Amino acid sequence: MGDVPAVPRVPAQRDPRISPNSPAEAPPSLRFSVLGPVRAWRDEEPLPTGSPQQRALLAALLLRDGRTATAAELIDALWGDEPPSQALAALRTYASRLRKVLGAWVLVSDAGGYAIRSLSEGALDLAVAQDLATEAEKARNSGDLCHARDVLNKALDLWEGEPLAGVPGPYADAQRVRLEEWRLQLLESRLDMDLEQGCHAESIGELTALTAAHPLRERLRELLMLALYRSGRQAEALAVYADTRRLLADELGVDPRPGLKELQRRILKADPGLAEPSAPLAPEPAPAPVRPAQLPATVPDFTGRSAFVSELSKVLASASSASPTQGRVMAVSALAGIGGVGKTTLAVHVAHQARSAFPDGQLYIDLQGAGTQAAEPETVLGAFLRALGTADSAIPDSLEERAALYRSMLDGRRVLVLLDNARDAAQVRPLLPGTEGCAALVTSRVRMVDLAGAHLVDLDVMSPEEALQLFTRIVGEERVAAERKAALDVVAACGFLPLAIRIAASRLAARRTWTVSVLAEKLADERRRLDELQAGDLAVKATFELGYGALYRQQARAFRLLGLADGPDISLAAAAAVLGLPVEEAEEVLESLVDTSLLESAAPGRYRYHDLVRLYARACAERDEHPPGERESAMSRLLDFYLATVAATYRIQRPEDKLVDHLEHAEYPGLTFADRHAAQDWVHAEAVCVLACVRQSASRPHALRRAADVLWAAVELAESGTNSREYEAVAAIVRDAARAADSPRTEARALTTLAFVHHVSGSLFDAAVQESERATELALAADDQYTACWSSNISGVVALYQSRHDAGEAHFTRAIENYRACADRPGEASALCNLSRIHLATGRTDSAVALAERGTAMYDAMGHTVRGANGRYALGLALTQSGQLSEAADHLDEALRVFRDSRQRLWEGMTLFRLAEVDLAAARSARAATNAEQALTVLRGIGGEWRRGNVLTVLGRALHGIGQLDRAQVCWQDALGIFESLKAPEGDAVRALLGRPTRTNH
0 MGDVPAVPRV PAQRDPRISP NSPAEAPPSL RFSVLGPVRA WRDEEPLPTG SPQQRALLAA
60 LLLRDGRTAT AAELIDALWG DEPPSQALAA LRTYASRLRK VLGAWVLVSD AGGYAIRSLS
120 EGALDLAVAQ DLATEAEKAR NSGDLCHARD VLNKALDLWE GEPLAGVPGP YADAQRVRLE
180 EWRLQLLESR LDMDLEQGCH AESIGELTAL TAAHPLRERL RELLMLALYR SGRQAEALAV
240 YADTRRLLAD ELGVDPRPGL KELQRRILKA DPGLAEPSAP LAPEPAPAPV RPAQLPATVP
300 DFTGRSAFVS ELSKVLASAS SASPTQGRVM AVSALAGIGG VGKTTLAVHV AHQARSAFPD
360 GQLYIDLQGA GTQAAEPETV LGAFLRALGT ADSAIPDSLE ERAALYRSML DGRRVLVLLD
420 NARDAAQVRP LLPGTEGCAA LVTSRVRMVD LAGAHLVDLD VMSPEEALQL FTRIVGEERV
480 AAERKAALDV VAACGFLPLA IRIAASRLAA RRTWTVSVLA EKLADERRRL DELQAGDLAV
540 KATFELGYGA LYRQQARAFR LLGLADGPDI SLAAAAAVLG LPVEEAEEVL ESLVDTSLLE
600 SAAPGRYRYH DLVRLYARAC AERDEHPPGE RESAMSRLLD FYLATVAATY RIQRPEDKLV
660 DHLEHAEYPG LTFADRHAAQ DWVHAEAVCV LACVRQSASR PHALRRAADV LWAAVELAES
720 GTNSREYEAV AAIVRDAARA ADSPRTEARA LTTLAFVHHV SGSLFDAAVQ ESERATELAL
780 AADDQYTACW SSNISGVVAL YQSRHDAGEA HFTRAIENYR ACADRPGEAS ALCNLSRIHL
840 ATGRTDSAVA LAERGTAMYD AMGHTVRGAN GRYALGLALT QSGQLSEAAD HLDEALRVFR
900 DSRQRLWEGM TLFRLAEVDL AAARSARAAT NAEQALTVLR GIGGEWRRGN VLTVLGRALH
960 GIGQLDRAQV CWQDALGIFE SLKAPEGDAV RALLGRPTRT NH
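Note that numbering that gives the first Met the number 0 gives residue 552 to position 553 of the sequence shown, counting from 1, and the numbers run on in steps of one.
Calculated from the structure, these hints are not laboratory results.
Small disclaimer: the values here were computed from a predicted structure and weren't measured.
Just so it is clear, CB atoms sit at the ideal spot from N, CA and C, and this is done for glycine as well.
Hints may be right or wrong, so weigh each one.
[Stated by the list, open to error] With a Cα cut of at most 20 angstroms, we get these calculated SDA-like pairs of lysine to any residue: (1) K313 <-> L458; (2) K484 <-> T512; (3) K99 <-> D42; (4) K313 <-> L455; (5) K313 <-> L259; (6) K657 <-> A820; (7) K313 <-> P463; (8) K153 <-> E120; (9) K982 <-> Q769; (10) K521 <-> L580; (11) K153 <-> D172; (12) K484 <-> L458; (13) K99 <-> R30; (14) K484 <-> S516; (15) K484 <-> S505; (16) K657 <-> R675; (17) K260 <-> L294; (18) K260 <-> D965; (19) K982 <-> D965; (20) K484 <-> T514; (21) K260 <-> D249; (22) K657 <-> R704; (23) K260 <-> R218; (24) K313 <-> L246.
[Said to hold, decoys possible] Label pairs and their in silico Cβ distance ranges: (25) S95 <-> A212: 39 to 47 angstroms; (26) S141 <-> S407: 17 to 25 angstroms; (27) A780 <-> S407: 32 to 40 angstroms.
The whole structure should be built from the sequences, with the hints applied where relevant.
Put into structure tokens, the structure is as follows:
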């Protein structure tokens, strides 16, 4: 791409700021616009600017930078070579009228001509735009691309359609061309920065529309090729070049310019340099657009470990040397040691000391390697990419693609990555930067001898001196100095393990009446047990025993029961449910446990255990909780809390929906919400914990039915694309557990949720068919009519997607009857809208419109916002096919607004796709291409390949409509490959578009 171009200034215009040295200034409220209709305001009141010729005079004077224009120049500007006979008189009349409106000090007569002077700062929109462009150029040169983009967008927002709109005369014609050219240059500059910051997929739609509007502008074509290539669409990028070469030859008889040819050559070679952002103009490397600072706080009483701190600091320094050629390709240090030995504390301390050497940011993640569910590298990379400023829609699906993008984003930057609590080297490898200037610190309980190139550090317990120093810092110098021998006995009893020392010292610090000797005696009582448990981890358990033994009864009970719940952490409200306490009382107990260091406060209102402490808490629950049934009761209350709360979220979003009436009864209450937005926030914030509870509850026979109902009421997690993979995995676990327990009703509900998530995925339709039909059989056998309503509706949707229209109609008809029998009007409305689509697919357009209108009206009458948007989606489809395109677009636009507001990414993407279909039907190919590209971006990673194939088909038709024929062919070929792999009937239509024979069998 070469050097980054500067932000363009106004062509042939020195500076549109108006006369800053005028002797008198007008009130600052006088404003003018020329980047659209020529208008004037005083305060917020519009001023009359007169006839078109009078506005032409005003524009000519505003654009002369406060300089005087002679009468002859102005007559030429307004009328050109053919002025009227009374041109001078007319000119004077226009000037007189404008002077009365603006003020005599603004429009002045000078040397037989006129000038506009004495305007205040920012009085002319063109001057403001130029100032913003100048600011953007400075920001870009300094490497601050985020600010440069924001400022350029503000400048571009000042345009309100065509400049000098409706103003006659040759001068206005020439200025319109100049200002439009400048706008396009600014737009190209901003798009270039978009690509430099990694917004490739998001830019394709806008670039596609711009190349349609300005087909001969090669710079836009170049940017489009680069955006497509960086989005993994190499064939389309090359097709853009072919389209451009053909167009230039046909229209101008020339070849593409050298820059475009060179880009094509590099794309053909898959030049690795194209995958990287272009270099900024500034001599210094541009800092990262987003500088993550994720390191946890270092402990204020960090003690000892000086040799390790020095050793690790030297390794990090090798990565951050001033010259990349002097440094290592990447510095990796792996700290290994038993739990509680202080690996995390040491790593965080060293990382904080090295922050200045890594100015582009520090990333941190707890990989949960010591637990039962270690973090997946794919998930971690998604979090890291977001922290580095990557939009969700630009994050690839696969682990390999995410790792490649992650390394590309770190290239040229100095970033420190702290990977805490790793399971093994395989978990770590995809998370390593791999580039000069970056470094990684890894902590793990295993020694990573198979992590190539890593500097291995084995962390043992503290020396007696370091242990005593840590104990002293927590307890206080005065208390320890008076009983030094007792203090040494304490740290020795703790096995010199930092975590154990911290717990024991915190216990003593919280009890001012105790002496160190008292604590030492209590530890001595445990000496026999400690002597028997010499291994490090068991020494920790013995130390935990000391802290646990000092808890009050209510604290000890809370400590035991909270450890039973799976999940990374737990909210205060959920913890209160586990304990069966009011929230205020539970908070007091939890905060007291935080004071003992046995519990951590992850964030306000959220709590978590160190993984070792959680294991110990569970062991205590098994040993000490009496009666034993209290453990089951605690987990039952938690499940009830989640069931009641997800039911509340479902109810507030779907008024009059009967699903909540058919759920298992929750004995323990849940939360209530003020509005649907608060309910949605809770669902998405608690998704991981809710699914963890369901997974855990599937192994408890008495909880199985409620576990399945939690999944059912939390179906939004599957539909929105959030946590859909974990949702699917948990639903399969519940299904298997229900089958093993011979519970047809529960199995039917689990199968219904599985069928739902599989049909939403867009690639597992066969599985969804089997699951939904089996769910219907089991539900009817268990006399669970309501589940049969849902499963029949899902069966109909999948049949619709598979073009089995007769079967789909039968399923929807049955679902409508069943919903009516259950008095579930929202369910009936859903089935009516779905049946509308069957009628549409079979040519019954009028009845399709009527059915969708009925369903939508029912939703509206009940106050369904999100489901009402689903109704409008179906109605928009029917109206499109009936030729009522304006009405169709209105309904789809309203649906799109709701889906975006409700974080329903799947439906947002599909609505953009349907809007593209409306645009095609209305012969608006450029707009159709833009909407289809946006749909591809939104649906990235969700919705499945079948939906992507449909969007690509429509995108190809739109591209064909704007003359990008080769790119259209590529889109259709990609769509055909998808449909053939899925054996989908849509392949025939694509073959026809490609001019290939259709297949008679699928």
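Here is how each hint holds up against the structure:
Between K313 and L458, the direct Cα distance comes to roughly 17 angstroms. Compliance with the 20 angstroms bound is thereby established for this hinted pair. Among the hinted pairs, K484 with T512 is consistent with the structure: their alpha-carbon atoms are about 19 angstroms apart, no more than 20 angstroms. Simply put, K99 and D42 have alpha-carbon atoms about 17 angstroms apart, close enough for the 20 angstroms limit, and the pair holds. Distance check on the hinted pair: K313 and L455 sit about 13 angstroms apart at the alpha-carbon level, within 20 angstroms; holds.
Straight-line distance between C-alpha atoms of K313 and L259 comes to about 46 angstroms, which puts the hinted pair past the 20 angstroms bound. Using a Cα cut-off of 20 angstroms, the hinted pair K657 and A820 holds, with the two alpha carbons roughly 11 angstroms apart. Taken as a hint, the K313 and P463 pair is broken in the structure, with Cα atoms around 26 angstroms apart against an allowance of 20 angstroms. The hinted pair formed by K153 and E120 meets the criterion: a straight-line CA distance of about 17 angstroms does not exceed 20 angstroms.
A distance of roughly 17 angstroms separates the Cα atoms of K982 and Q769; the hinted pair therefore holds under the 20 angstroms criterion. Restraint check for K521 and L580: not satisfied, since their Cα atoms lie roughly 31 angstroms apart, outside the 20 angstroms limit. Annotation: proposed proximity of K153 to D172 is violated, straight-line Cα distance about 25 angstroms (limit 20 angstroms). With a CA separation close to 26 angstroms, the supplied pair K484 and L458 exceeds the 20 angstroms bound.
Restraint check for K99 and R30: satisfied, since their Cα atoms lie roughly 16 angstroms apart, inside the 20 angstroms limit. Pair hint K484 plus S516 holds up; C-alpha atoms about 9 angstroms apart against a cutoff of 20 angstroms. For the suggested pair K484 and S505, the alpha carbons sit about 19 angstroms apart, so the restraint of at most 20 angstroms is met. Between the alpha carbons of K657 and R675 the distance comes to roughly 17 angstroms, so the proposed pair stays at or under 20 angstroms and holds.
Restraint check for K260 and L294: not satisfied, since their Cα atoms lie roughly 46 angstroms apart, outside the 20 angstroms limit. With a C-alpha separation of about 17 angstroms, the suggested pairing of K260 with D965 holds against the 20 angstroms cut-off. Between K982 and D965 the CA atoms are separated by roughly 25 angstroms; this puts the pair beyond 20 angstroms, and the hint is violated. Only pairs whose Cα atoms come within 20 angstroms are accepted, and K484 paired with T514 is accepted, the gap being roughly 12 angstroms.
At most 20 angstroms may separate the alpha-carbon atoms for a hinted pair to count; K260 and D249 meet this at roughly 17 angstroms. Taken as a hint, the K657 and R704 pair is honoured in the structure, with Cα atoms around 18 angstroms apart against an allowance of 20 angstroms. A threshold of 20 angstroms between alpha carbons decides the hint, and for K260 with R218 the separation of about 12 angstroms falls inside it, so the pair holds. A hinted pair counts as satisfied when its Cα atoms are at most 20 angstroms apart, and K313 with L246 does not qualify at roughly 59 angstroms.
Taking the beta carbon of each, S95 and A212 are about 41 angstroms apart, inside 39 to 47 angstroms as hinted. At about 23 angstroms, the beta-carbon gap between S141 and S407 stays in the expected band of 17 to 25 angstroms. The supplied range of 32 to 40 angstroms is broken by A780 and S407, whose beta-carbon atoms lie about 55 angstroms from each other.
This entry does not satisfy hints 5, 7, 10, 11, 12, 17, 19, 24, 27, going by the numbered hints stated previously.
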